[in-house]
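Asks: From first to last, the protein sequence lines stand for chains A and B. Quick note: the first sequence uses this note's numbering, first residue 46, plus one each step. Quick note: the second sequence uses this note's numbering, first residue 765, plus one each step.
Derived lysine-lysine pairs resembling DSS-like cross-links, with alpha carbons at most 27 Å apart: (1) B:796 - A:117; (2) B:779 - A:117; (3) B:796 - A:125; (4) B:779 - A:125; (5) A:125 - B:809; (6) A:281 - B:796.
Some chain B residues judged to face chain A by a derived CB distance under 10 Å, without partners named: (7) 781; (8) 790; (9) 853.
No lab work stands behind these hints: they were computed from the structure. Being a predicted model, the structure only gives us computed values, none of them experimental. In this text, a Cβ means the ideal position worked out from N, Cα and C, and glycines have one as well.
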Amino acid sequence: MSVPPPPMGLIAELTHRCPLQCAYCSNPLQMDAPKSELSTADWLRVLDEAAAIGILQVHFSGGEPMARRELKHLVAHASKVGLYTNIITSGVLLSDEAMAELLDAGIDHIQLSFQDSTAEGGDRVGGYRGGHAKKLEAARRIREAGLSLTANFVIHRQNIERVEDMIALGEALGADRMEIAHTQYYGWALLNRNALLPTRDQLNFVNGVVDAARRRLQGRIAIDYVVPDYYAARPKACMGGWGNRFINISPSGKALPCHAAETLPGFTFPSVRDHTLAEIWTDSDAFTRFRGTDWMPEVCRSCDRREIDWGGCRCQALAIAGDAALTDPACHRSPDHHLMEEAITTAAGHAPLDLVPRRLQQAIHD
Amino acid sequence: MADGSTVPAFRRGVKFRFDSVRNAWVLLAPEKLFMPDEIAVEILKLVDGARTIDTIVEDLAVRFDAPRGVIASDVIAALKDLSTRGAVEL
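Kindly produce the complete structure, drawing on both the sequences and the hints.
Replies: Right, here's the structure in full:
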């Protein structure tokens, strides 16, 4: 086994706690309990190791990363060791004081999520009254601090008709970047798929809106558009390839090739409490098993896109086709591709459904 | 439209630095990361929010002893590409 090139990014899931309850959350159904979370000292060591092995960017995520009060120390430390620091947040805890502390700590960028263009819609999906208003305040604080702002909008069947308003909101807030992200169906989102998956007409509508907005905003606001795998002919290069670009650390310290990897059976994910990031990246079974192209089924191995999409997503292959080592069924060459079409038909046939809100308590008690 | 008098600058949240692990220059941006090729690296080293595209072209043309026209089209193409991807402001 040759030594792999160094990883690019570290996704630091500081906690699964979150004030919001979005039913499309990609966190696992079985979330890490607060008492199992890594200590600050553990995280500081992980950040040192990350910089030493060539990681360039750290994305503080969760749950809600700002639910950990020591976030400012982690940002300051990451910045000190040369990492580019990014926070992926709901924004509801971003007070004036918190903003000032993060700015002092050297934060490079904040990605702020929105659940809708309106308070009514956003607060309903987030399950947090007043949440949308707090996000608007958070956006203002980020821009007044002189930081670059990414506004992230997760779209699904229940808010998709307001996508033009969402883009207008991002513009009005002074976003430098926007993400219009179709829900990715993992974790809570997979559980709620029949209530969230858009119809083909809805998808075509959004494609048109995003195309027009991109042309209009070119050179001013970049729009990243994440399409739903269920309508794709080709799979996404999930995480830029397994064990190829990213290390994701769960709140309790498990090193994962992607944030949903704990759904995969037959894996022992190494903990940063027991192993260095260098060992985990280079030698662990978890990171090497689906790395590169050797593991691929014939359909992928003989495909000229094998090093473009890396066979797609292992978690989706498991969730839809029943085996993580198969071609992602999002690919039109997959023998299981018809299952995606069937999921669309099933979702479209459902009457409007209630969402199952993401709840930590429920996960702990189950 | 970018022309010779345009002053390119890194956008907010973009950092251009040398990575000693890879022994290469990297361009770090919000939720993105670029590994610029050798030509782009030489261009980006001159992007400081003060120099115009003409000044950058002049500098490169002298240092690399290359025709200004060729350099100018390389510089504008590289900067336009990075502008579209949100790393540089023109």
